[in-house]
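These protein sequence lines are chains A and B, in that order.
With our numbering applied, the first sequence covers 18 to 130.
With our numbering applied, the second sequence covers 1452 to 1563.
Treat the hints loosely; a few may be bogus.
[Unchecked claim] Listed next, the stretches of chain B that the computed footprint assigns to chain A, with coverage defined by at least 3 CB atoms under 8 Å from CB atoms of chain A: (1) 1492-1498; (2) 1549-1563.
[As the list claims (entries may be wrong)] Straight line, CA to CA, 30 Å or less: simulated BS3-like cross-link-like pairs of lysine-lysine: (3) B:LYS1493 with A:LYS30; (4) B:LYS1507 with A:LYS69; (5) A:LYS69 with B:LYS1493; (6) B:LYS1521 with B:LYS1507.
In short, the hints are calculated from the structure, not lab data.
We put the beta carbon where it would ideally sit given N, CA and C, even for glycine.
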Amino acid sequence: DAGVTQSPTHLIKTRGQHVTLRCSPISGHKSVSWYQQVLGQGPQFIFQYYEKEERGRGNFPDRFSARQFPNYSSELNVNALLLGDSALYLCASSPGGLPNEQYFGPGTRLTVT
Amino acid sequence: QKEVEQDPGPLSVPEGAIVSLNCTYSNSAFQYFMWYRQYSRKGPELLMYTYSSGNKEDGRFTAQVDKSSKYISLFIRDSQPSDSATYLCAMSPADSSYKLIFGSGTRLLVRP
């Protein structure tokens, strides 16, 4: 079975630009969560979506937004990029969103220059 | 103070050693306790989880939760060079948010 897929793998953006990251969950999983992992730190929770509804939001500014589509795939959007947004962005898929059943994708490495 | 504290290491051990990895936490509402393994430039891989207190064993891995001390551990027996990675503990309260709160990770190096 295919795992969680994320695209793109890497990208480089300039400060002030906008970026869209994509995630396809494991087949049959209805929940997607997004995390930001800065180098040397553990992942930090950004959003969780379940059945296309936002179920949780972490302590991130409104520049960060996300949505989940009818096929359960998801997009994370970040506006007005800052240097500090450089990180590995991880998507986690789960059947129902429970903490013990979250499976992570390989991540998208974003570099803001 | 962070909600979850984890020694960053690095921890270097010879092949075959028993490895002990630990996390402490401050939020008594945490009920789910997970351990993830992350290889360089990859996503975290779920190794084990425990709900509430107790021990859980899976092959060479044993997870322990001591809620009275707010302390969790992961033991790796007969460590292998392929176990070299960063180990992340993660926790979550049993509420509707279901978000995971991670430690900063411990880097483990198993020397052949």
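Hints, one by one, checked against the model:
Counting residues of the stretch 1492-1498 of chain B whose CB lies closer than 8 Å to any CB of chain A gives 6, so the stated coverage by that chain holds, three being the minimum. Three residues within the 8 Å Cβ limit are the bar, and the stretch 1549-1563 of chain B against chain A gives 8, so the coverage statement holds. As the CA atoms of LYS1493 (chain B) and LYS30 (chain A) are separated by approximately 21 Å, the hinted pair is consistent with the 30 Å bound. For a cut-off of 30 Å, the pair hint linking LYS1507 (chain B) to LYS69 (chain A) is broken: about 34 Å separates their Cα positions.
A hinted pair counts as satisfied when its Cα atoms are at most 30 Å apart, and LYS69 (chain A) with LYS1493 (chain B) qualifies at roughly 27 Å. Of the pairs offered as hints, the one joining LYS1521 (chain B) and LYS1507 (chain B) holds, with about 17 Å between alpha carbons and a cut-off of 30 Å not exceeded.
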